[in-house]
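Trainee: Spelled out from the first residue to the last, the chains are:
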Amino acid sequence: MIQTDILIIGAGPTGLFTVFEAGLLKMKCHLIDALPQAGGQCSEIYPKKPIYDIPAYPEILAGDLTEKLLEQCKQFEPGFTLGERAETIKKQADGSFVVTTNKGTQHQAPVVAIAGGLGSFEPRKPQLDNLALYEDKGIAYMIKDPEVYRNKKVVISGGGDSALDWSIFLSEVASGVTLIHRRNEFRGALDSVDKVQELKNAGKINLITPAEVTAVLGEHQLEAIEVTKSGEVPVRIETESFIPLFGLSPKLGPIADWGLEIEKNAIKVNNSLDYQTNIPGIFAIGDVNTYPGKLKLILCGFHEATLMCQAAYKIINPGKRYVLKYTTVSGIDGFDGSRKEAPKAVVKSIN
Amino acid sequence: MDQDVQIKITDRDGNLHEIAAPVDMALNLMEVVRLYELAPEGTIGICGGMAMCASCQCYVLTEHPLREMQDDEEAMLSEAFNVKPNSRLGCQIQITPKMEGLEIELAPED
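Chain order of the listed sequences is A and V.
So in the numbering used here, spot 220 of the first sequence is number 220, and the numbers just go up one at a time.
So in the numbering used here, spot 47 of the second sequence is number 47, and the numbers just go up one at a time.
If we strip away everything but chain A, and leave its shape as in the complex, we get (with noise of 0.2 Å):
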């Protein structure tokens, strides 16, 4: 059972900063996120798009703001579960929460803060007849462990980034890659597509456009799948494994049978004070949450998330008396000994 103070449902930008914040007062965390890396939407849909209104910086990247946010929390050394979806909550008798994923990781907190965004990313999947039957079988949504694929054959469809990005990848590492996409044109950064056109001319990879998979066979697991080229007939392809990459769609899932007062897909809190949900112990921060005058920005995340912090704090240390210190003056002691201060002045008389 993984232990901490405070359990962050939820690695994007808003996640990230309650981090640096429950750093500043002693407490740790522990996220959790549906996607294989932190960041969110941030890392998942639009890391190259530029943001223009985080404060101090006049433009920076989706990507880079993720870089920045985990590089100042680090020494608070965040604990991670990735690429597990938060399922079940249950409140103990001691007042603490026991939060698990669907892979059965158990996490336990006194505090739950949910910094969910829109949900967590659930991968789009073709509309193949059977593809359920061979999830997990051959057929995979997301890659997260590349090795997987070692001397195996791939067939990837899709025609975005990660599409590109993990032919390029698994060209080096899989016995054989086809791509396919339902057209010539691929979307994606400008070098990964001359990449994966060096790649297919070098024979390094099976490209196939414009062309769509129709069908997936196999007996007990994923054997072949079934390509068609419009108005041709549909060839087999064998093959070991099928990564369909079509992008994510955000759902709330399980988070909206935890009890807890949902309006217009949102979490409701009480922003008149600290983002505490209807239960007592579990807040709603970010995009996640709902109230009169919300605004789903990323510096409105960055807050709520600060004052949250406040509230876990009095939770987690009753009757404790607290005082606001800044940076500036105490400086950053991070759990992993390391200390951040403004340099001493020198007093020295000139004569």
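It is worth saying that the hints were derived from the structure and are not from the lab.
From the three backbone atoms N, C-alpha and C, an ideal C-beta is built for every residue, glycine too.
Hints may be right or wrong, so weigh each one.
Here are the computed lysine-lysine pairs in the DSS-like style, where the Cα-Cα straight-line distance is at most 27 Å [to be verified]:
#	chain 1	residue 1	chain 2	residue 2
1	A	K229	A	K152
2	V	K8	A	K229
3	V	K98	A	K264
4	V	K8	A	K125
5	A	K153	A	K91
6	A	K344	A	K68
7	A	K251	V	K84
With the C-beta cut set under 7 Å, the calculated list includes, among others, these residues of chain V facing chain A [what the hints assert, rightly or not]:
#	residue
8	M52
9	A75
10	E79
Just a sample of chain A residues kept apart from chain V, beta carbon distances all over 12 Å, derived [as the list claims (entries may be wrong)]:
#	residue
11	G83
12	F97
13	T100
14	K125
15	K137
16	L217
17	E232
18	E263
19	S330
20	D336
Please build the complex by placing chain V on the supplied structure of chain A, with the hints as guidance.
Mentor: This is chain V only, laid out in the frame that chain A set:
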């Protein structure tokens, strides 16, 4: 003085809404749908309007001259599901005075 244009939108449950869309607020069709709450929050405009998801896909039912499709919209639609020849991404269609009488239908949620 800018006037509103009248638009007919069929929601995902098949209900027809006749709404007045303001032309002076630089809105796009996806934002109009959200303005009138014709689709639940979190099921439309997920990427915020960058043509990076297909949650605002709609079918254009009238022959209004709309802004031509750009590469990013075309590429996104090529990866979307339930695409028809008259599919567009609502976020890529700005509301202009020429849209009086436009009729659209929201595509199903994936």
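Trainee: If any of the earlier hints don't hold here, list their numbers in rising order.
Mentor: 2, 3, 4, 5, 14, 18
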